[in-house]
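Participant: Every letter in the sequence shown is one number past the one before it in this note's numbering, and letter 101, counting from 1, is 101.
Take the hints with a grain of salt, since some may be wrong.
Said to hold, decoys possible - In the DSS-like style, the derived pairs of lysine-lysine whose C-alpha atoms are separated by at most 30 Å in a straight line are: (1) K234 to K253; (2) K234 to K250; (3) K250 to K227; (4) K253 to K227.
Stated by the list, open to error - Taking CB as the label site, the calculated pair distances span: (5) T171 to R121: 24 to 30 Å; (6) P119 to Q308: 35 to 41 Å; (7) S99 to R121: 25 to 31 Å; (8) F20 to E303: 41 to 47 Å; (9) T277 to V224: 40 to 46 Å; (10) P119 to A189: 24 to 30 Å; (11) E75 to S99: 57 to 63 Å; (12) L62 to D40: 29 to 35 Å; (13) A30 to L138: 38 to 44 Å; (14) A64 to P43: 48 to 54 Å.
The hints are simulated quantities; they were obtained by calculation from the structure and are not laboratory data.
Each residue gets a CB set at the ideal place from its N, CA and C atoms; glycine is no exception.
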Amino acid sequence: MLAPVQLLSATRQNLWRLTFIRTLVLGAQAGSVGFAWLFDLLPLPWLQLAITLGCSMVLCALTAVRLGASWPVTELEYAVQLACDLYIHSALLYFSGGSTNPFVSYYLVPLTIAAVTLPWRYSLILSGIALALYTLLLAQFYPLVTYPIAREKMQIYGMWLSFALAAAVITFFAAKMAEELRRQEQLRAERREESLRDEQLLAVATQAAGAAHELGTPLATMSVLLKEMRQDHKDPALQDDLEVLQEQVKQCKTTLQHLVRAAEANRRLDVRLQPVTEWLDESLNRWHLMRPEATYRFQLLGEGAAPQLAPPPDLTQALLNLLNNAADACAEGLEVMLNWDSEEICVSIRDHGPGVPPAIAEQIGKPFYTTKGKGFGLGLFLSKASVTRAGGSVKLYSHEEGGTLTELRLPHGTRGDEV
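Hey, can you work out the whole structure from these sequences and the hints?
Facilitator: Right, dumping it as structure tokens:
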């Protein structure tokens with residue numbers, strides 16, 4: 001199996017964002033305190049403020065180290081981190097005017113983050129902590145001693161800066177949360193689509209297994225009867241027709257044997273690494289035996305050494321289905337092109353048929369939908385499913401010069417154990 005993509009949990013991502021915000025706020029707080037100390041704007045307990053800012057810096061560093069570890073981030077841990085922010089902010093307010101400090105409104109930032117990202121019980125507890133700390137600051141704090149005019153100007157400046165900082169932080173966090181919610185919704189939609197596709201594939205596979213089992217006996221009977229008819233009737237014209245029928249029965253039996261071998265190979269993951277040119281050459285030869293009336297021209301466009309891949313049996317069958325679709329549209333003058341770059345392999349098949357009508361372009365490839373007068377509408381559906389399992393894609397385009405262009409794209413080193 002391919003190694004699954006390691007997606008960060010929502011709580012871990014939120015803690016990363018909180019640490020980033022905390023670091024920015026710490027820089028702003030340290031800059032403000034350093035500016036006030038350097039120009040002696042206020043008589044404040046600088047040592048206590050420096051120690052509090054140092055504690056905040058240590059918390060940022062420890063959180064960053066902790067996030068580098070593999071153990072999961074729980075909601076309780078995240079709530080404790082927000083509580084630490086409340087306590088540190090309260091300590092800074094205590095040494096800089098308490099409830100009269102305009103930055104007291106920053107209490108709303110951790111509470112907003114908690115309300116968006118945590119269950120209600122944690123938000124309720126953090127709200128209680130913030131309310132209790134704010135109530136204490138109403139009675140106990142280190143007063144600011146300034147002239148009334150200076151205090152008024154500082155109050156206005158501080159309120160503006162506090163609002164700007166809180167608005168920026170809340171907007172950043174809310175935007176990231178909205179983006180994460182959209183991403184998760186998209187993942188859920190993709191998983192629902194994959195689940196539906198897998199259910200459809202399972203239904204088709206069940207029916208195919210039953211049909212393969214039931215067809216074995218009548219094909220054997222037909223083969224015996226055709227052999228007896230060729231012995232009993234010596235008419236040359238009839239002999240030719242019987243030979244064609246016998247070849248067709250033989251081809252049906254061979255196809256059933258391929259199904260059994262493919263299933264066994266998939267079960268044992270029995271695939272081999274080979275150049276893509278070799279795989280495509282073998283597939284084209286096999287297909288041409290099935291469709292001798294079709295004519296095609298092959299073009300090798302890739303430069304340098306051909307990339308390697310280990311195609312599972314169902315991927316080869318997918319390619320055969322795509323070739324059959326092109327031959328059904330127009331069996332003469334098919335164009336098959338092989339190209340590659342540093343990341344993927346592209347097999348292009350162009351026919352000179354009527355093309356893909358825009359009105360039904362979105363329906364093509366859905367199960368049991370067909371534009372032909374015969375068939376079950378499963379060939380392209382199964383081909384797309386097999387290619388998707390191998391990490392590739394199949395797309396159909398109406399060619400500008402007429403006909404349909406089918407593109408089969410595969411990653412290098414495609415293996416049968418990929419999903």
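Participant: Next step is simple, just say for each hint if it's right about the structure.
Facilitator: To see whether the hints hold, each was checked on the structure:
1. About 26 Å separates the Cα atoms of K234 and K253, which keeps this hinted pair within 30 Å; it holds.
2. Of the supplied pair hints, the one linking K234 and K250 holds, its CA atoms being roughly 21 Å apart against a limit of 30 Å.
3. The straight-line distance between the Cα atoms of K250 and K227 is roughly 12 Å, inside the 30 Å bound, and the hint therefore holds.
4. In summary, the hint linking K253 to K227 is supported, as the alpha carbons are separated by about 15 Å, within the 30 Å threshold.
5. Between T171 and R121 the CB atoms are about 26 Å apart, so this pair conforms to the stated range of 24 to 30 Å.
6. The given range of 35 to 41 Å is broken by P119 and Q308, whose C-beta atoms sit roughly 50 Å from each other.
7. Distance hint for S99 and R121: a CB-CB separation of about 27 Å, consistent with the stated range 25 to 31 Å.
8. The supplied range of 41 to 47 Å is met by F20 and E303, whose beta-carbon atoms lie about 45 Å from each other.
9. Here the CB-CB span from T277 to V224 is close to 41 Å, well matched to the stated 40 to 46 Å.
10. In this structure the supplied range 24 to 30 Å holds for P119 paired with A189, their Cβ-Cβ distance being about 25 Å.
11. At about 30 Å, the beta-carbon gap between E75 and S99 misses the expected band of 57 to 63 Å.
12. Taking the beta carbon of each, L62 and D40 are about 33 Å apart, inside 29 to 35 Å as hinted.
13. Checked against the hint of 38 to 44 Å, the C-beta distance between A30 and L138 comes to roughly 26 Å, which is inconsistent with it.
14. Judged by the Cβ atoms, the range 48 to 54 Å given for A64 and P43 is violated: they are separated by roughly 35 Å.
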